[in-house]
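Undergrad: What follows is the residue order along each chain.
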Amino acid sequence: AQSVTQLGSHVSVSEGALVLLRCNYSSSVPPYLFWYVQYPNQGLQLLLKYTSAATLVKGINGFEAEFKKSETSFHLTKPSAHMSDAAEYFCAVSVPGRRALTFGSGTRLQVQP
Amino acid sequence: EAQVTQNPRYLITVTGKKLTVTCSQNMNHEYMSWYRQDPGLGLRQIYYSMNVEVTDKGDVPEGYKVSRKEKRNFPLILESPSPNQTSLYFCASTPQGQGNEQFFGPGTRLTVL
Chain A
1 AQSVTQLGSH
11 VSVSEGALVL
21 LRCNYSSSVP
31 PYLFWYVQYP
41 NQGLQLLLKY
51 TSAATLVKGI
61 NGFEAEFKKS
71 ETSFHLTKPS
81 AHMSDAAEYF
91 CAVSVPGRRA
101 LTFGSGTRLQ
111 VQP
Chain B
1 EAQVTQNPRY
11 LITVTGKKLT
21 VTCSQNMNHE
31 YMSWYRQDPG
41 LGLRQIYYSM
51 NVEVTDKGDV
61 PEGYKVSRKE
71 KRNFPLILES
81 PSPNQTSLYF
91 CASTPQGQGN
101 EQFFGPGTRL
111 TVL
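Residue numbers (this note's numbering), protein chains in the order written: chain A, 1 to 113; chain B, 1 to 113.
Isolated chain A, as found in the complex:
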């Protein structure tokens, strides 16, 4: 079975600073990896996904993530945080043949002015 660990339930950065949200996965087969964002009182919106093409994946709103098989990681980064990035971020994994997503516990990002 696959699993996801997100390190840090809360991350606080200053506006303009680097955003780094950590995600490590466990899977016995090559996984599909996703980052979703949830703004207050809203559903989940896809930021980006990895499906075995390029290991550096660019998403919406300036976010990107790098798939590192040797480290079983898929960390999310953004060079410069904006106030509008404040939200909860979820890393998720699925595997071929099973479309269900297994989610991490989420990381709430705060952006300080």
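Accuracy of the hints is not assured; some may be wrong.
From the derived model, a few chain A residues whose C-beta atoms are all more than 10 Å from chain B [unchecked claim]: (1) Asn61; (2) Phe63; (3) Pro96.
Below, a sample of chain B positions facing chain A; criterion: calculated Cβ distance under 8 Å [unchecked claim]: (4) Leu41; (5) Gln45; (6) Ser82; (7) Gly99.
These aren't lab readings, by the way, just hints derived from the structure by calculation.
Treat the numbers as computed from the prediction; the structure is a model and nothing was measured.
Cβ coordinates follow ideal geometry from the N, Cα and C atoms, glycine included.
For this one, chain A is given, so just place chain B on it according to the hints.
TA: Structure of chain B alone, referenced to chain A:
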């Protein structure tokens, strides 16, 4: 507009009173699922459906039922709700194929007293 809709968005009920949360998608997706979101646990899959009349249990199915009589609709039924089912519920849909994005509804916040 392509979307997943859920109703109601908010519901307060009492223990044992049967309720149904509706979910509908207009994207002709085959796969639909229900998740519940609880603090510190991320999202966990309750039930899923691969297509009309094909449903199966997810990771936390106890106390829930579903049906899939039409491709666009996937209602979640709580026959006898209990307080431990107080949660935020999301419906999602995804097209056939591997590694596809899941599209989420806006969520239903359920409180069982």
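Undergrad: Against the structure, test the hints numbered earlier, and report the numbers of the ones violated in rising order.
TA: Violated hints (numbers, rising): 3, 6; every other hint is consistent with the structure.
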